[in-house]
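Colleague: Here is how the chains run, residue by residue.
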Amino acid sequence: MTEQTISTPNKDLSKELSKEHARDVFRAMLRARVLEIKLSNLYKAGKIVGGVYIGKGQEAVSASLGACLTWNKDVFAPLIRDQAGRTAFGEDPLDATRTYLGSAKGPMRGRDGNLHRGRPAEGLLAMISHLGAAVAQVGGVLLAKRIKGELDGCVGATCVGDGATSTGAFHEGLNFIAVERLPMVVIIADNQFAYSTPNDRQYACDDLIDRAKGYGLEGHSVDGTDMLECATVIGNAVAKARSGGGPQLIVAKLLRLSGHGEHDDGSYVATELQEGRYGRDCNDVGKQQLIEKGWLTELEYSKWMLEFNAEAQEAVAVAQREDGPNPYKEEWSAIASPSLKGLQ
Amino acid sequence: MTEQTISTPNKDLSKELSKEHARDVFRAMLRARVLEIKLSNLYKAGKIVGGVYIGKGQEAVSASLGACLTWNKDVFAPLIRDQAGRTAFGEDPLDATRTYLGSAKGPMRGRDGNLHRGRPAEGLLAMISHLGAAVAQVGGVLLAKRIKGELDGCVGATCVGDGATSTGAFHEGLNFIAVERLPMVVIIADNQFAYSTPNDRQYACDDLIDRAKGYGLEGHSVDGTDMLECATVIGNAVAKARSGGGPQLIVAKLLRLSGHGEHDDGSYVATELQEGRYGRDCNDVGKQQLIEKGWLTELEYSKWMLEFNAEAQEAVAVAQREDGPNPYKEEWSAIASPSLKGLQ
Amino acid sequence: MAVTYIDAIRDAQERALAENPKVFLYGQDIGKFGGAFKATKGLQEQWPDRVIDAPISEDAMIGMAVGAAIEGMRPIIEMQFADFSSVAFNQIVNQAATHYYRTGIPVPIVVRLPSGGTPGSGPFHSQSMESIYAHYPGTVVVTPATVADAHSMLLQAVDLDDPVIYCEHKFLYRWLKSDNFEGDNLPIGKARITRSGKHATVVTYSAMVHEAVRAAEILYKEGGWEIEVVDLRSVKPLDIDTVVASVARTGRILALGEAFPWGGVTSEVVSRVCAEGFHLLDAPPMRLNAKDTPVPYHPKLWAMHRPTPESICEALRNLLAY
Amino acid sequence: MAVTYIDAIRDAQERALAENPKVFLYGQDIGKFGGAFKATKGLQEQWPDRVIDAPISEDAMIGMAVGAAIEGMRPIIEMQFADFSSVAFNQIVNQAATHYYRTGIPVPIVVRLPSGGTPGSGPFHSQSMESIYAHYPGTVVVTPATVADAHSMLLQAVDLDDPVIYCEHKFLYRWLKSDNFEGDNLPIGKARITRSGKHATVVTYSAMVHEAVRAAEILYKEGGWEIEVVDLRSVKPLDIDTVVASVARTGRILALGEAFPWGGVTSEVVSRVCAEGFHLLDAPPMRLNAKDTPVPYHPKLWAMHRPTPESICEALRNLLAY
Ligand SMILES: Cc1ncc(C[n+]2csc(CCOP(=O)(O)OP(=O)(O)O)c2C)c(N)n1
Ligand SMILES: Cc1ncc(C[n+]2csc(CCOP(=O)(O)OP(=O)(O)O)c2C)c(N)n1
Ligand SMILES: [Mg+2]
Ligand SMILES: [Mg+2]
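Protein chains in written order, with our numbering: chain A, 124 to 467; chain B, 124 to 467; chain C, 892 to 1213; chain D, 892 to 1213.
Honestly, the hints are just simulated from the structure, not real lab data. Some hints here could point you the wrong way.
Using 25 angstroms as the maximum straight-line C-alpha spacing, the simulated DSS-like pairs for lysine-lysine come out as follows [claimed, not checked]:
no.	chain 1	residue 1	chain 2	residue 2
1	B	K452	B	K228
2	D	K1182	C	K1081
3	D	K1191	B	K452
Next up, chain A with everything else stripped away, as it sits in the complex:
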């Protein structure tokens, strides 16, 4: 697990969802959920400094995206609620635990924390906090690949929330990828809240998918709680972008099933919403759907749960055993150029 072994082959999904792919998506959803529950517990036990932000309820959307992306070939900029997408894409759970727990061995070496992690050299960008900023960045990776003549068959992807759609960065980024017609998929996970702010204080259109046309993007709507729908729609959108169909915008409707972070009880989310159409848990839905299709048995499910629990447990244990960064051995420089090291 310490090596980067989990990767997903380049899937060129046809309209028909395969059993194999659906199971991959669901496994990533489960793995992410299990890992995030661990992280949440660690936070509540005071073992994680800063904050923990989980993607409960958004796993179907996120995993459906990540499962279509190929490590070391595609580029993915996950945001706040994309543990499932990271997992499906191929992020090692140790990257998460090490970053949250501040192990010096994590990809961020204690310099950055929680969600602000990635492996940019392998296609997983490390988000900054400023919402919307990743859209243009992913576009830049793709533009670079185009200039180098290496774009063929590649795709870029990112997820944002409803709140992030209000940022200028998001707008400029979307417009840029549309003008350049880059093979990119942008998912808006419209979970009805930005922190405490409900949609009616965030935007005034009926549905954010109404924005697709205005950018000249192909648009897709999806029920973010319906795993099979997510896997199909998102899978097709990725396949379309990959095969030259131009940039794709997907709006997934769902509900954030946690607080904004684990410090937040989310008590401002009305009960009607929790009990409403999008209040259901996509992981429950996904399990049900696979079982109904005969693509999963209860026994398998239990085995997976055991496996993922053990994996998460181990990832936490490893990270907890590791030292944090040693401030006395830090280089304390933000400069990369060898000729300028030590100058200020």
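Given the coordinates of chain A, assemble chains B, C and D with the ligands onto it according to the supplied hints.
Modeller: Just chains B, C and D with the ligands, lined up with the frame of chain A:
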């Protein structure tokens, strides 16, 4: 002319365009054109430092907006090509000549120049250069009026170009006014170029009006070279916003009939475009339309031209006679608070 | 009953709303939720029309505020974190800060920036941006270090006619307590001698005032050194008279700040002291800032990135030994 | 045949494109049109896929560049005016400048900022933003003052692994001429003695180097004063060794800049000289900056807003008289 005398009464336009209003719009178009030709000539003669930016070809759009706004009540943030809107709204031509020629008596006192002028206390905002920044600002004026209980019957307005739609500021501003449902009219004058950049490098949708729905704005398209259509459509949109119909987005199609500024020959504009549908001059169209309707005679037109030429001539002459700012008498402080004057 | 620094910010806003109908609050999650740090808790209930939730649009938030101020209002804008004001940078420095100079119409807005580092907050929730905004003509930048200053300076900021960047330090929010909000009500633009001394002066502001006092205590115990601590309170305008008067007494100065080391408040302080009190200096004026990297996430790195009582003592020992 | 400062910028970009397939140019109107200042004239014809017109989206332009750099490219981004980089501020300081520190993956981008005042350009087409970007860890900020430096430093900037803010002064574009682009090819990070002297040192950069030389000439004629002029060339890193060595010779320093007076390069220079060469100073280190207002439009105001040979001479006379 040195006093602010020209103002337009609050017009609540019905669908039917009145002769009176159509003539007002056209007069403003002519006055602006005449003034800007003078300014352009001054620039070419080396009498204006910096640059001159004119609205040739965009007068119908701009005047149709300005003519529906009431000085000292409504709020208007003109942009680059809005001399006609300024004139129709009630800006004294002296404000233009004084600002361009750097008279200390102008509203900007030589501190800012050319288009960066206004009378914010009277509802005419003074643009900064950064495109898109005025949208939220106008919205802020309206929000303030709402909080004060003075919003009833007021309207706010601004114009931007096709290029400005790519800015994050424009997006954030539009979204904000939509969420607050402010009585505001935003016109996109899509003149097919942003400086030298043609639309296909600026946006990827078929028509910028496709963006209205995505913001939850009511949208209107108009042929910006057709004066009567502009006066009607823009007039109705302003009336609608004023009477509680919520924010309105108008996209006017036209062609910039000048260079970006008078330093630019605009040679990158293809002949087909100049000879195409939007290549015609709205001022010619407007004159023709009024004459056909029997709302204007050639004789009147000639009298107006004489009148406006004299007015522009006088405005230039006055400004040229006036002193520029005296740097030795400047306060050289950007601080307004009396208690902090002189501190740094 | 003790009140905290964040209580002071909340109470000042409550009073401003109560006393001045021109005041309104605008920011993300500040309404029913009461703000990410609860600085506006309960205020929307009392003034539903004057405590308004904003979309995640920092640029538009400031653009809006400028328009509202032109229309005579006195908006207080909450940035969720100072770091996100980077997105509003243009509207702050080019729209708000230039408006009075250009047009003669003032833009009295207050922009609240939850600033500074706390353990585990990382590069994008820890920044100190006072130097960025202070560089531009037309701004006022305040950096309260005490509960009473947090209170009175916010009220004063609302009354100023200029855009005020109000840098509130997150580390002080709940940690810093006082019996009440009362203080000496010094005006913005005046520094304060927080602790008097005679051997050296530390000029600082915001959370570092407390670290400086700690360092002063250590050195006093260690060798009877009496370190004077000057709290700038506002970094623009910067009360150089009080600073120079202190240097006149001590002959030695350390300018201390939590921000990045290139430029910034500490270099401005040193430069001004040189310009106005060079002959008073018995030793080279010194600076101590954070290290020249983004603010790190890990508490151990964070603790070494910013100045600490220990590193301040070390700097002061060098200064005293000169 | 004379070449100009803007020719140097254009030629350096041409060479970078020719020699390094990783280089590409991105900016508004830089393609067929050749850029607002013609710095990219004819380049798109030669490299249609590597000279790309951008929408008016400064934030996205830098976001794009960061992504491209991560993917191994070396983009050069043209801001139409430095002033508009305010809209890209967040992407520059938070995305580009932090990336290497956070991830270990460098972000080698060059951001060209047409900077500084020219008569009639006004508050939003005249700004000098070097201090803003230099404040942040992870940036390199260069400010060439000569034709040869404009050329060599742009090529060097492309080769550096960090985000480089390349501040090119618009006033020098066509006014500053040279026989060719050749120079001493000093590396970024090294200052240069532009004129040697023994009575006082002026430390400056960009267009002000030429104003300083003019002032030095005036004072030489006036009273035989020999003023040394140090051209910093890059303000971050800042070559304090060369500055201090100069102060060792002259004992007197004036830090001169065209930017706003609060903070900035001049205060950083003064502070560092104090830290590293205090004992060498025979007089208080002085600063001269622009006035504390936005850059005014009117040429008469503009000429008084920025330092001029006359105001520099006045400052130097005071310095020499101390
Ligand atoms: C530019 C910017 N402003 C403010 C914030 C603070 N912030 C972090 S997450 C968040 C809410 C995001 O909501 P949304 O985009 O809907 O994502 P969700 O949390 O619902 O997944 C806010 C306001 C930020 N990160 N960036
Ligand atoms: C944020 C920003 N970036 C760049 C510029 C420089 N600039 C001034 S006008 C202009 C073109 C504007 O095009 P458009 O919005 O279509 O208006 P038009 O000139 O066609 O009326 C540009 C790029 C600017 N003013 N603001
Ligand atoms: Mg959300
Ligand atoms: Mg245009």
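Colleague: Could you run down the list of hints and mark each one as holding or not?
Modeller: Hint check:
1. B:K452 to B:K228: holds, 14 angstroms
2. D:K1182 to C:K1081: Holds: K1182 of chain D and K1081 of chain C sit about 22 angstroms apart, inside 25 angstroms.
3. D:K1191 to B:K452: This hinted pair holds, its Cα atoms lying about 12 angstroms apart.
In the structure shown, no violation is registered for any of the earlier numbered hints.
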